[in-house]
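> Here are the chains, one letter per residue:
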Amino acid sequence: MRSLGTVLAFALACPAFSCNGTTGDHLVSFSAYAAGAPGAGDPFTAGNYTIQLTAARMHIGAVYFDEAPPGGSGFDGPVCIASGVFAAQVPGPVDVDLLSPTPQQFAVYGTGTADTALSWQVWLYDGDVDEADFDPVVQVEGTATDAGGTVTAFGAIVTINPGNRSKGSPDPTQPGLDPLCKARIVQVPTDTTFFDGGVLTVTVDPRVWFTQQEEPFDFAPGQLPSIADPNCNPDPDVFTNPSSYALAPDVPAPSDQTCGGSSQPCCAGDVCLGALTCAEGVCGPSVCIPNSSFLPGTVPGSTAGLDLYSEVVSAAAFTVTYGPQSP
Amino acid sequence: MSRSRRTTAALLLAVAVAVVGAAGRDARAQPPPLEEVKPPTVIQHQDAVYPPSALAERKHADVVLVVTIDADGHVSDVKVQTSGGADFDEAAAVAARQWTFVPAARGGKPVPSRIRVPFHFAPPAPPPEIVVDARKDTPTAAPPAPQLAPSARSAVPKDGDRDLDEVDVIGRIRRRPIGAPEYESVIGELAAVPRATAADALKLAPGFLLTNEGGSGHAEQVFLRGFDAHEGQDLEFTVDGVPINDSGNYHGNGYADTHFIIPELIHAVRVLEGPYAPQQGNFAVAGSADYELGLDRRGLTASYGAGSFGAQRLLVLWGPNDSPPGTFAGAEYYTTNGFGVDRQAKRGTAIAQWEAPLGRRGALRVNLTAYATDFNNAGVVREDDYEAGKVGFFGTEDPNQTGNTASRVAMSATYEGRFSQVEVSQQLFAIDRTMRLRENWTGFLLDVQEPLQLPHPQRGDLIDFHFDEVSLGGRGFARWHGDVLGLRQELEGGYFARVDTTQSTQDRVAAGTNQPYAVDADYQSTLADLGVYLDANARLLPWLSLRGGVRADMFLFDVLDACAIKSVDDPSAVVAPSQIDVSCLSQLEHGAYAEPFLRSATGSGTVMPRGTVVVGPFQGFELSASAGNGVRSVDPSYVSQGIGTPFVTVESRDLGVSYAHDFGDAVRLTAKSDFFQTHVGEDLVFDPTEGRSTLASGSTRTGWSGAARALGHFFDVAANATVVKAVFDSSGACAPYCGLLVPYVPDLVLRGDAAFFTDLPWHLAHQPVRATLGYGVSYVGRRPLPYGDVSDVIFLSDASFGLGWTIWNARLSAQNLFDTRYRLGEYDYPSSFGKYLPAPTLAPERSFTAGAPRTVLLTLSATVGGS
Chain A
189 MRSLGTVLAF ALACPAFSCN GTTGDHLVSF SAYAAGAPGA GDPFTAGNYT
239 IQLTAARMHI GAVYFDEAPP GGSGFDGPVC IASGVFAAQV PGPVDVDLLS
289 PTPQQFAVYG TGTADTALSW QVWLYDGDVD EADFDPVVQV EGTATDAGGT
339 VTAFGAIVTI NPGNRSKGSP DPTQPGLDPL CKARIVQVPT DTTFFDGGVL
389 TVTVDPRVWF TQQEEPFDFA PGQLPSIADP NCNPDPDVFT NPSSYALAPD
439 VPAPSDQTCG GSSQPCCAGD VCLGALTCAE GVCGPSVCIP NSSFLPGTVP
489 GSTAGLDLYS EVVSAAAFTV TYGPQSP
Chain B
7 MSRSRRTTAA LLLAVAVAVV GAAGRDARAQ PPPLEEVKPP TVIQHQDAVY
57 PPSALAERKH ADVVLVVTID ADGHVSDVKV QTSGGADFDE AAAVAARQWT
107 FVPAARGGKP VPSRIRVPFH FAPPAPPPEI VVDARKDTPT AAPPAPQLAP
157 SARSAVPKDG DRDLDEVDVI GRIRRRPIGA PEYESVIGEL AAVPRATAAD
207 ALKLAPGFLL TNEGGSGHAE QVFLRGFDAH EGQDLEFTVD GVPINDSGNY
257 HGNGYADTHF IIPELIHAVR VLEGPYAPQQ GNFAVAGSAD YELGLDRRGL
307 TASYGAGSFG AQRLLVLWGP NDSPPGTFAG AEYYTTNGFG VDRQAKRGTA
357 IAQWEAPLGR RGALRVNLTA YATDFNNAGV VREDDYEAGK VGFFGTEDPN
407 QTGNTASRVA MSATYEGRFS QVEVSQQLFA IDRTMRLREN WTGFLLDVQE
457 PLQLPHPQRG DLIDFHFDEV SLGGRGFARW HGDVLGLRQE LEGGYFARVD
507 TTQSTQDRVA AGTNQPYAVD ADYQSTLADL GVYLDANARL LPWLSLRGGV
557 RADMFLFDVL DACAIKSVDD PSAVVAPSQI DVSCLSQLEH GAYAEPFLRS
607 ATGSGTVMPR GTVVVGPFQG FELSASAGNG VRSVDPSYVS QGIGTPFVTV
657 ESRDLGVSYA HDFGDAVRLT AKSDFFQTHV GEDLVFDPTE GRSTLASGST
707 RTGWSGAARA LGHFFDVAAN ATVVKAVFDS SGACAPYCGL LVPYVPDLVL
757 RGDAAFFTDL PWHLAHQPVR ATLGYGVSYV GRRPLPYGDV SDVIFLSDAS
807 FGLGWTIWNA RLSAQNLFDT RYRLGEYDYP SSFGKYLPAP TLAPERSFTA
857 GAPRTVLLTL SATVGGS
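First to last, the sequence lines map onto chains A and B.
Residue numbering for the first sequence is 189 to 515, as defined by this note's numbering.
Residue numbering for the second sequence is 7 to 873, as defined by this note's numbering.
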């Protein structure tokens, strides 16, 4: 306890010079963007194929920055909203074109505190992360060219919902051990310190989904289901059909041809550009990477579907930068 | 200035306070007359002049006069009953002969009467509050119009051919004021300043800020001198000595709901800022506040008010003419639709109090109080939701915070008496309290998936809290006073005892279904607090006194945590399906089961010295230096968690000066300036995610407060200010708060109250028309918020205008006169009211509770049968 003299001196000085101090820390807000990795639209090699992505989209629901390192705050358990302290958040979605390196702004600004985050989470869903939802998280379209020059147009749709991703708890006494929300959140290490007025950029490289596979995708005939095959999307709650895989580029038909590129209208029997095929009135991919983790192993592409999903929800494709606002 | 200790003091003694009248009753006492007897009422008094011949000795003297008042209200005879010396007797008699009265009346006819008027003389001009006789003072700078209470049974000695009614005066024994940190605010004419609740009266003392995030039936959150006193946890509240703080309330240990007090029945509020009086008990960390109830307006008053947002108020007050202000009955019913979504409220209150002589030298006061309220709660609004237009400023994030209730039934009996040189007081009280509160601070954030639970989405964080308490207790003291060293000395010994049986339960309720899905807390507790103290007023010199002593409190906790085990250590396959999702699952290691009950008991005591040195008064100035330790018991949940010492101590220091001066009969001026510093061993910090305050580290407040009040024939003006800096300790176990500001507490609080009253220059039907104008203004500086943030300032005005004519009164009042849109409470913390957001929000954001917009109330009242 200070002496009364100190009390007196301070109390006299306080009104004169204002009582300064802080409760510690301070709140920040920042702009938030997502973008594709530079060069993602260029051809790249994955296994025995040269892959050219013609469309790649991801729906990011939100991103959160945790002051705890990966696995901290109990996140490695069944808890999806950890009890730790979150330094920052961008609690709104963005549908990002992953083939464009141009920053695409989230629907909301980011907010938080001037603290350092050691891990961050990408929520591949918005709203209640535990609720059933069947909207695509990832849509991909591209071509795979083998060494002989054979081109295969492929497409993929990834959804995360109870029908295709929630395996259920292996322990009946702990039915909540493996909640659906865990399948929708990607945790990534970082070391990011926030300050007011900065710019957050989340970069996603879709090439990683193909190049990081231990067993590269095999686009040979018969290895992936045809685009019209029900096994492309065995989940009855996911309302996709062959035309849903026709994304882009939207190339008009040349004058000497009846049909154009992906998503161009076509009639049965028409020949679309490149390796695209005509299905349900539009040109699109000919084969799919199935949207399921639970296809029987005998079904063509069953392993490919699981592998693509595993890479989509892995940390490898995600990077984040935080810096000052560009002039 | 050669004037004596104000004769005001004598007036106060004579008309308001203690049991002196009873002391004068003799064996000739007769049964009460059948006819109604009204006492004489002082119209004008004249101060006595301190005899110049006694100045050299600077001696004190007491004189008791028997004053005869004729049927015209004039003093017809003065006799000395107790002499203080010839010069003092003469000075008192000269003054008393100049007094005028409304004469006593019997059966409606003026009659001669006789009263006793004690004078106490002290050499310099002191502040009035230390002038008064400790036996029965009304230590106020602004005494109300006195009411004399007739015993109506005293002997009526013959005086010539006229009958005389001898008048007894009934009053209360009071603790001698401490000095600068103590504020006794008689509401008086400042009642003209609109005050919605009893808590608003606290603002007459410096430094108070009141907020309320829980609805109109929820206790106000009190900020005082750098303390976030929460809902009473750091401020000891009493009403005429009866405790208001809840012991063992899980929502807030010390939660103090003062809404049961009808504002019109508040006679005075005594606030002691700091723990400096040995009489102060548990929760007196920032200080203590005692409401004194009384009704100055006698007769039957009926009042009806209607105003903004469908507000209606019906009030009935009754003060029997032949009784003192402490005898009254009052009942109130209030309803409002509220100023925004989910702010409907209604309440009913009934308070009856009877105060009468008991025995030859005593008085008995019995109080019965019943109160019930039902109210809705809008809760907090996120700033980003408001700015995005998703929620209105007066809207709500969760419309399910409704159905809140609170009740209080209390009975107390207080005996005060005098036996020779010893005054005694004994009070017994019994209180039954309930409350139910539904709050949602965090939206959809806390219901995380647990492995043992069935997969579920966030079900919502709506808290459904319930609290029951039965309190029994008493307090008492014996105070000796006598002359030592030629000076009046006092020594008091007293006790306080309280036993509470409480139950606190807190459930989480699912949004949509309103069904409880989890239990946060379930505590059944028996709590005891026994305090013993010694308090002395040692006058070493006429201008030097030592006041204070020591207090010891023992706290006993016996806590049953009926939800002691909230998770399993090693779940096994033997968990029954029926137990999945059950709160407080009782499985222990390796599949063993145990009942989810845990009983904890502890007891501990503390000894707290408290003292004040008072120097003066000199020319109206009085200096005081105070030091003392206080205590706050912890919430039973901490005992259940194994906390060793079930209380937190506080050390406080004050250095202040008081001033009082009468400018003739025109103006009485009182003022105080006070520097203070207080250290709390373990402070509380509000945690919105828990919806209550939780223990933090130690903290220190340093600051200054000042107050002034001027009372004249047509005005009563008061102002106060507080500047304070509150910081957490920078060493010891202070993490993560080391050296940081204590959040939420304002560093600058200014308050002004003014009332102007006069008879208008014209008459209506030959009767005067009295006009009253009241105005109050508050300024609260920016409050530090968590994360280095600061709040907005608050600057508000309240006003009223009233007219009185014969039995009628009309009053138009407006709170927040200029309809300022302001945020009463502001908070930075994580919350996620998901229905409005595309994704949960997990990082801290600003939330606020809206302050009330302009609220107008027109009240008409009539008083019949009054004196």
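Hints are computed from structural coordinates only; laboratory data are not their basis.
Keep in mind that a hint or two might mislead.
[To be verified] The following label-pair restraints were derived from C-beta to C-beta distances: (1) Cys744/B / Pro226/A: 44 to 52 angstroms; (2) Gly609/B / Pro512/A: 57 to 65 angstroms; (3) Phe399/B / Gly259/A: 48 to 56 angstroms; (4) Gly385/A / Asn343/B: 56 to 64 angstroms; (5) Thr210/A / Leu779/B: 26 to 34 angstroms; (6) Phe801/B / Phe427/A: 53 to 61 angstroms; (7) Pro512/A / Phe807/B: 55 to 63 angstroms; (8) Val505/B / Pro377/A: 52 to 60 angstroms; (9) Pro377/A / Leu701/B: 32 to 40 angstroms.
[Claimed, not checked] According to the in silico footprint, chain A covers these stretches of chain B (three or more CB under 8 angstroms from chain A): (10) 228–242; (11) 372–380; (12) 462–468; (13) 738–749.
[Claimed, not checked] Under 10 angstroms between C-beta atoms, here's a sample of chain B residues computed to sit facing chain A: (14) Gly79; (15) Val322; (16) Pro326; (17) Asp390; (18) Leu458; (19) Gly499; (20) Val556; (21) Ala732; (22) Pro790; (23) Asp834; (24) Pro844; (25) Leu848; (26) Pro850; (27) Arg852.
We put the beta carbon where it would ideally sit given N, CA and C, even for glycine.
> To test your reading of the hints: which numbers does this structure violate?
Hints 3, 4, 5, 10, 11, 14, 15, 16, 19 and 20 are the ones this structure does not satisfy, whereas the remaining hints hold.
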